[in-house]
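Peer 1: Fit the two chains together into the complex; they arrive one by one in their own frames, and the hints show the way.
First to last, the sequence lines map onto chains A and B.
Take the first sequence: its position 109, counting from 1, is numbered 109 in the numbering used here, and each next residue is one higher.
Take the second sequence: its position 76, counting from 1, is numbered 326 in the numbering used here, and each next residue is one higher.
Don't read these hints as lab results, they were simulated from the structure.
Some hints here could point you the wrong way.
To be verified - Now the in silico label distances, taken between C-beta atoms and shown as ranges: (1) 405(B) x 139(A): 55 to 61 Å; (2) 66(A) x 544(B): 56 to 62 Å; (3) 346(B) x 205(A): 34 to 40 Å.
Unchecked claim - Here are a few chain A residues that face chain B, going by a calculated C-beta distance under 10 Å: (4) 52; (5) 84; (6) 85; (7) 112; (8) 118.
Where a beta carbon is used, it is the ideal one built from N, C-alpha and C, also for glycine.
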Amino acid sequence: MAILDIHQVSLSFGGLKALQNVHLKIEQGTTHALIGPNGAGKSTLLNVLTGMLKPDDGSVMFDGKPLLDVNSFDINQLGIAKVFQTPSIFPEMTVLQNVTIPVFAARDGSFCLNMLQGRRKQRPLIEFAQEQICELGLENHMYTLAGSLSRGDKRRLEMAICLANKPRLLLLDEPTAGMARHETEKTIELLRGLNGNITKVIVEHDMNVVFSLADKISVLSQGQIIAEGSPDEIKGHPKVIEAYLGEAQV
Amino acid sequence: MNQQASFWQHNRMVLMFAAVALTMPLWFPFIGGYSGLDTKIMIFCIFLVGFDILLGFTGYLSFGHAAFFGISAYVTGIMLKGYSDNILPAMFVAVIAATLVAVVIGLLTLKRTGIYFSILTLAFAEMFDSMAMAMLQEWTGGENGLTGLPTPMLFDLKMQGATVFYFSAFMAIGLFYVAKRIERSPVGLMMKAIKCNQTRLEYTGINARKYKLLAFIISAVYAAIAGSLMVVYEPFVGHEFLGWHQSGEVVIMSVIGGVGTLVGPMIGAGFMLYFENVLSVNLGEQWLLVLGLIFMAVVVFMPGGFMEAVERLKKRIFTTIDGE
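Same shape as in the complex, but just chain B (with noise of 0.2 Å):
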């Protein structure tokens, strides 16, 4: 009994998102959103949650994920035109190869904290763009992008609408698991208190680099997977999966949704992608000058994101319900 009752208090959150996730093509039509908005945001929120292992844990703001997403996402597609049309061997190298790089990048950026760390993010990013349009255009496609990708497969399964939404949706919920499993492990103790103080930490017996080096690293699996997913559900590669502005976009999405609660970036997500794609379209031309108030506002009166505006909620309610 008590377990049980452990088991739904400690994986709330995780059934909570799988709920709203399996069940979003069932009402995500009738706010407006079409059919593939659906996927691209479960894909988001792989990306968005394993961000937030990093930037919420650790406090290191980095600013080019996109490396990760978009590297994964060329050898994904590589890999689909070169080898086979099986998702499987795919991904799996993709994500392989990203990690790698991501071990390469961590070893080299974590040796600075604060705005450094972010800026040499930054240029690393930018140095894998220009790579992917340049000196490695024979394989990317350079400015056009990588096309001519085959259908992807599952085996026997065509992996086309409704099918790439559920496994999309079931690998958004399995990883934000993980995510919470992490979060509750005497790793993510550490992580978070890298975030609060790191000479104590590193005073207190811990290797405190090792443990930056490990959030990089899940954080950027996170990423590959999340790019290689954008892949099946689109064949297509554009060089702007590994630009600066892809991974300016997932830092907004973070802040918006909340930093550090794991479920608060991948709100940030949906709502970022959800605005972007339909109310974009009602509120014309001005919707970045809207989204970037939105932003502001966000930032000034609830730099908590939107979790904190929940939190406060609910602080409402109880006290009201305890007043009365």
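Isolated chain A, as found in the complex (with noise of 0.2 Å):
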């Protein structure tokens, strides 16, 4: 089943075509990756999902709901969490304290006026976020200022922020850009370890990491998608080396 529907979206920046017509089913648990040259589009359409931009025309159906016209703040309630290019955590607060925001918005949802609450009815829920923190490897890091963390870690927290409140879609936008090898390959190995039951979009420029993670690749150039397979049919596809190369070289 499709866990997301993406359905003829459009999108124009003044004379600049970003999205047109895009057609794309996420199918419910497999890491579908987004390919594709720079400006191709690829992030421009992990924005639309996330409810940062507005397309000009198309819908998109997450389980059934509409997403467009919804704010980035229910858009994560109802399931979707994103994983920025650089880092995005709480950089002043410490570890715990920005898995914990995630957790209370689980159980609060978007606003909650429980200004007077105690400590005592928070503590199974910073519980719950110190075996998130732990699950992520953080536990060192525990009380740490999030902002001081390496940028490998800093990762890992925000990944941990991300599946605090269990998403059910996972959008990544080039998880590992800028990265060493290393890093690269204990994020491909956190990734792979995730609980099967979430769906992953990964935007990535790195081969070796779409090789490694993807079930489906999508391909996208000048804002259209090109091409569409098993990480095998896109190997050799010829619209996919076009894309990539220029039609000289093929």
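Peer 2: And the structure:
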């Protein structure tokens, strides 16, 4: 069953057609990679899914519910979390506080007037946040300020934030951009180890990452999907080679 | 045992503040303070602790909080004069009125961030100031201020001297406790997250706008309580209560004391009022100049205000103890 159904989505910035009639179905529980040359519209598509950009045309359904004209925080409450290209965390807070926020968001919804709630009622949630942190291997940094973590650990923390309110769909915008080889390997391992029920959409330039994670790949070029298939099918696809290397090379 | 220990740990600051506040009439005269000034300090502690919920937690710098302080003061005055000299209905109506205004201003100004937010709040406060001076002159007394108020009463108790002081001090202690509770609550965490990374917060399923509005309203309620108490303390309302000067003073007190620490801004308030009213006599006409220098020194060398100095001192003491 398709958990995410993108239907004829188009979006232009002035004269630039960033997305043209994009059709995409993401199957539940799969890892779906979006690849394509720079400026193909991959990040734009992710921004449409998180409510940051409103397309001119088309519809997006997540688990049978429309996603367009919905606020970013409501989209997250529906079960879609996004991992940014540069880890987006709360730098002046401790790692534990960082992860407690989504845990509260899962319990209380997008707004709750529990402004006098004491520690006792918060304790089970804080303990859950601690478990999440341990699961991602940050247990030694529980009370470290998030801003002082290493880049790799910041990425882990961001993943912990995203996973703490149990999303069903995880959007990853170049999770290994700018990472050293061993950090990339670690991230691949981390993503592989995630709960299999979580559907993942990953935008990535590093083909090593794409081919070791993806069940299915869609190739975007100039705002259009030009090819779709399993990693093996995509590897030899003439249109893909053309989009990446230019016509002369074919 | 454990629970007792955590009660002490969580409320250490509140208990310390209570001890300092309630004994103030005993020690304040020895450092040159006069009775009445201590009451004013308590009232400003309320204003500042509320202001820190907005500025310290969410990072939104309002230059218009005098509006809520002033509106509440005027409404209190008008109620005392026209309805009853009992302060309870007057304070109640005043705080409600100022809160309603805060909801409207908050909804409009919080659409913007940074300097635009500050300027919008300043503009609204100035609007109310000019309204009090002209349009509503009949009610507010315009340039002369609202005068001829009866002695405020708490049922049969005359609100004068020490009574007003203890009334204000207990209010300040209670409201400081509430602020500390808010800081420890999930709401406090969300508010602080707004200052850190609003985008991430929205992408984590939190409606940041509502939390900002909540912080704005809470701080306005604190300002309104303070404004109302000012009239109980001194039955007179001047239009300067509403002015930008008042708003600016609150910001300076916060910065000197230490933004975001709750207790720091209260220390800042105490220091500023003490400086303005007591030390200024010794320093003569140059007192404002000295105050300016102190402000600059704090901003340049201790951006965390007095509380940063306290933290540094603590660290130094503890490291020397550990070193030995």
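Peer 1: Against each hint, give a clear statement of whether it holds in the structure.
Peer 2: Each hint tested on the structure:
For residue 405(B) and residue 139(A), the hinted distance range of 55 to 61 Å is satisfied, since their beta carbons lie about 58 Å from each other. Take residue 66(A) and residue 544(B): their Cβ atoms lie about 58 Å apart, and the range 56 to 62 Å holds. Separated by about 58 Å at the C-beta atoms, residue 346(B) and residue 205(A) break the suggested range of 34 to 40 Å. The closest approach between the C-beta of residue 52(A) and any C-beta of chain B is roughly 9 Å, which is under the 10 Å cut-off, so the hint is satisfied.
Using the Cβ-Cβ criterion of 10 Å, the hint placing residue 84(A) at the interface with chain B is satisfied: the shortest such distance is roughly 8 Å. With a cut of 10 Å, the hint placing residue 85(A) at the interface with chain B is violated, because the nearest CB-to-CB distance is about 12 Å. Hint status for residue 112(A) relative to chain B: holds, with the closest Cβ pair at about 7 Å, below 10 Å. Below 10 Å, beta-carbon pairs count as interface contacts, and residue 118(A) has one with chain B at about 7 Å; its hint therefore holds.
Hint compliance for this structure: hints 3 and 6 are not met, and every other hint is.
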